[in-house]
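K.L.:
Single-letter residue listing:
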Amino acid sequence: MASETILSVKDLRVRFQTLDGAVDAVKGININVKAGETVAVVGESGSGKSQTMMAAMNLLSSNGEATGHVDYRGRNLLTMPKSELNKVRGRKISMIFQEPMTSLDPLYTIGNQLMEPIRRHRGLSGPAAREEALKLLRLVHIPDPERRMKSYPHEMSGGQRQRVMIAMALANDPDILIADEPTTALDVTIQAQILMLLAELQRKLGMAIVFITHDLGIVRRFADRVYVMRQGEVVEEGEAEALFANPQHAYTKMLLAAEPTGTKAPPPANAPVLLEGRNVEVVFKIGGGFLGGEPLMLRAVDKISIRLKRNQTIGIVGESGSGKSTLGRALLRLLPSDGVIRFGDRDISEADRRAMRPLRHELQLVFQDPFGSLSPRMTIGQVITEGLLVHEPALTGKQRDQRAVEALREVGLDPNARNRYPHEFSGGQRQRIAIARAMILKPKVVVLDEPTSALDRSVQKQIVELLRKLQADHQLSYLFISHDLAVVRAMADYIIVMKQGKIVEEGPTEEIFGSPREAYTQTLMNAAIDSTRFRMSA
Amino acid sequence: MLRYVFRRLLTAIPTLFVIVTVAFFLIRVAPGGPFNQERGLSPEIKANLEAQFGLNDPLWLQYVHYLGNLLRGNFGPSYNLPDFTVTELFAKGLPISIQIGTSALVLALLLGSVLGTIAALNQNRMADYSVIALATAGSTIPTFVIAPVIQLVFGLSWKLLPIGGWGDGALINKVGPVLTLALPQIAIVARLMRGSMIESLRSHHIRTARALGLSDWSVVVKHALRGAVLPIVSFTGPAAAALLTGSIIVETIFSIPGVGRYFVDAALNRDYTLVMGTVVVIAVFTIVFNLIVDLLYAVVDPRVRYD
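Protein sequence lines correspond, in order, to chains A and B.
Residue numbers for the first sequence follow full-length UniProt numbering, beginning at 1 and rising by one.
Residue numbers for the second sequence follow full-length UniProt numbering, beginning at 1 and rising by one.
No lab work stands behind these hints: they were computed from the structure.
Hints are supplied without guarantee of correctness; some may be wrong.
[To be verified] Pairs of lysine-lysine, DSSO-like flavour, derived with a Cα cap of 27 Å:
1. A:K92 / A:K204
2. B:K222 / A:K150
3. A:K92 / B:K222
4. B:K222 / A:K135
5. B:K222 / A:K87
6. A:K92 / A:K10
7. A:K135 / A:K87
[Said to hold, decoys possible] Just the calculated beta-carbon pair ranges, DEER-fashion:
8. A:D401 / B:Y4: 51 to 61 Å
9. A:M297 / B:F25: 36 to 46 Å
10. B:E199 / A:M297: 34 to 44 Å
[What the hints assert, rightly or not] Footprint (simulated), chain B over chain A, 3 or more residues, beta carbon under 8 Å:
11. 56-62
12. 83-92
13. 96-103
14. 116-123
Bear in mind that the values here come from a model prediction, so they are computed numbers and not experimental data.
Note that beta-carbon positions come from the ideal geometry of N, C-alpha and C, so glycine has one too.
All chains, please: the whole structure from these sequences, using the hints.
P.N.:
Structure (structure tokens):
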């Protein structure tokens with residue numbers, strides 16, 4: 001398809017004035033978008049990929065300034081008066097964002113918000129705009145559009161909100177749709193649906209799409225051309241196929257190699273069972289109380305049985321709200337639950353906090369959020385040795401310090417870091433610290449609750465490798481909770497698929513990935529790991 | 001919704017009961033009584049008076065009597081203004097205080113919101129700094145300074161306004177007291193509005209509205225402002241209760257026959273029934289306005305539902 005270039009970014013620079021001085025987020029980049037094609041701008045967090053497009057749309061925050069050219073059909077958007085720009089934004093170029101939960105105004109109905117850009121740009125009357133809005137809702141496959149027009153955003157799921165966002169963006173038949181991480185905040189099955197929808201709409205309407213993403217899977221499946229960004233610069237560009245087959249720049253190679261690989265062998269059949277749950281059940285009570293009426297009972301974990309052997313990794317996968325984190329916490333007796341839980345040869349089903357305390361150092365938990373789970377006012381040394389004060393009070397200060405040094409070495413951090421504070425570390429380093437905090441107690445079982453989800457792919461891979469090494473060195477057992485199937489596949493030898501508090505399917509990793517039996521598992525697998533290339537515009 | 005209102009009014013009853021009880025015994029703990037005056041009454045007259053008002057009964061009996069009367073809507077006679085019942089005093093003064101208070105509240109909400117919005121839209125620029133300076137001045141200068149200054153400048157020097165008096169509710173007599181009462185509130189509303197508007201303008205859905213090429217008017221007024229007024233709505237409840245029940249400073253300086261004076265005067269004179277009447281009025285206003293605010297909240301924000 002030989003078509004004209006409609007958007008051309010030339011020598012674009014974006015600079016933010018911050019308290020620490022000026023920060024250059026984008027350092028003179030060039031990007032071209034031709035009519036009807038799909039361009040992906042790839043990079044890790046902080047690469048400037050979002051700010052590039054924000055600058056093009058004049059949506060930078062007030063301390064940001066863009067210079068250079070963003071030419072749309074020959075006119076520079078950066079220097080255009082606002083009234084002119086508003087005839088392009090939302091009409092010729094429109095944008096959808098990463099945060100479907102907050103990108104719609106919570107105070108107005110879907111219909112109201114959908115009709116607004118239609119009326120504004122096309123000057124349609126109320127009833128005509130309404131018709132048009134209904135048509136758009138049908139276009140993005142929102143069920144029961146008549147009723148949905150009267151709904152408020154909070155009454156819809158994330159996936160549906162993103163569909164509404166897409167409908168709004170397409171309301172005026174734009175030339176270019178900029179999609180800024182449009183699926184990152186969504187569950188994998190929903191991600192696939194949204195991507196399919198975008199592909200379908202592109203075929204129907206023929207607009208160009210600019211994908212801003214860190215997800216190479218999306219790029220591989222959808223993009224015609226790719227720009228790889230790093231620290232505000234485009235380090236490589238080219239046709240998607242060629243770039244994937246033969247990456248030139250070291251950074252691109254690293255990104256491509258960052259997909260987690262390898263598998264874990266199952267433990268020997270006679271390995272002892274360390275942690276066992278039988279018919280574990282967790283019920284949350286919502287509402288009720290004084291004059292409040294009947295409470296709502298939510299069965300977050302519904303009679304689940306699980307046996308974790310020594311040196312085994314069980315991956316628990318499922319979408320948000322499936323109860324996987326709750327199950328992990330219940331097994332560690334951090335949440336009240338029904339059913340039987342055994343640790344080694346002890347029944348801990350009824351153990352209260354006091355009874356659990358001597359066992360805690362053998363049962364550790366690592367959280368998803370490496371920012372929120374470390375106290376900002378404690379040094380790293382204090383953070384990781386805090387557990388020793390409780391579990392091995394006999395240790396002297398010097399011995400504790402020695403243990404901190406060992407633990408930090410073990411997770412690949414410089415032991416001298418122990419006098420510094422959490423904010424001085426990157427996300428990946430903080431996750432290492434959180435792991436060191438668990439490891440210093442020499443645990444037998446570690447529950448890893450989405451330990452890599454908040455991290456960039458290349459960092460994820462390092463954490464996965466670290467966790468594997470620690471497991472091999474110490475014969476650890478992991479309960480690995482994640483919605484990221486690629487990471488689970490590399491980490492776990494046994495997998496439990498959860499949906500709405502129940503086990504949908506379980507089995508050895510090979511089996512689950514090789515031949516999933518249940519429809520739900522198949523959807524999940526297809527959504528996540530579809531390596532067949534699926535071109536939007538061919 | 002109706003069920004919610006009913007439930008809230010139902011929970012107001014024990015609240016009021018507790019307030020009345022605490023106030024009743026608290027004021028009795030204070031030494032002295034309604035008839036201990038500087039000049040002193042002869043012991044016989046004092047004994048007579050106390051017997052007449054039942055002040056010699058045991059305290060618990062007085063409490064039971066008071067509650068019984070209160071349930072029948074009878075606040076009792078005022079001890080220090082013996083020609084009037086407490087109900088009559090409020091019937092006369094409360095409308096005046098409500099007029100002044102409502103005007104001040106409306107003025108504060110309108111002017112404060114506008115100033116706050118202007119400041120937010122010009123964050124860290126001249127207009128913003130001016131509003132902040134004004135707001136700081138407004139909330140730091142006490143009313144007992146503002147009131148005499150207004151009297152001095154507009155009343156004595158320029159002779160634009162009367163210096164004081166109610167003048168049977170003539171508009172010109174209200175200007176001074178309303179301004180005095182409103183100024184600190186304007187300052188508070190402006191600060192609140194500025195803060196919540198800045199936050200609202202930063203939210204993701206405002207970014208969406210801009211990306212859709214909507215006009216500035218629509219972005220600011222339709223989308224940002226509606227979200228930003230929520231804290232103002234919360235503020236309005238207690239503020240309305242406080243303003244509408246009168247202000248002793250403003251009413252004293254401008255000689256306005258409202259009810260704001262009663263609270264302090266009555267407490268100083270140990271006019272038990274009047275103190276209690278004032279407590280009940282302020283409590284009822286507070287409860288009712290907080291309920292109204294909660295209902296308004298649900299009107300502005302569809303996510304809030306009381307079912």
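K.L.:
All hints, please: hold or fail.
P.N.:
Now for the hints, and whether the structure bears them out:
| no. | hint | verdict |
| --- | --- | --- |
| 1 | A:K92 / A:K204 | 17 Å, holds |
| 2 | B:K222 / A:K150 | 18 Å, holds |
| 3 | A:K92 / B:K222 | 23 Å, holds |
| 4 | B:K222 / A:K135 | 24 Å, holds |
| 5 | B:K222 / A:K87 | 19 Å, holds |
| 6 | A:K92 / A:K10 | 19 Å, holds |
| 7 | A:K135 / A:K87 | 22 Å, holds |
| 8 | A:D401 / B:Y4: 51 to 61 Å | 59 Å, holds |
| 9 | A:M297 / B:F25: 36 to 46 Å | 45 Å, holds |
| 10 | B:E199 / A:M297: 34 to 44 Å | 36 Å, holds |
| 11 | 56-62 | holds (count 5) |
| 12 | 83-92 | holds (count 7) |
| 13 | 96-103 | holds (count 4) |
| 14 | 116-123 | holds (count 4) |
Hint compliance for this structure: no hint is broken.
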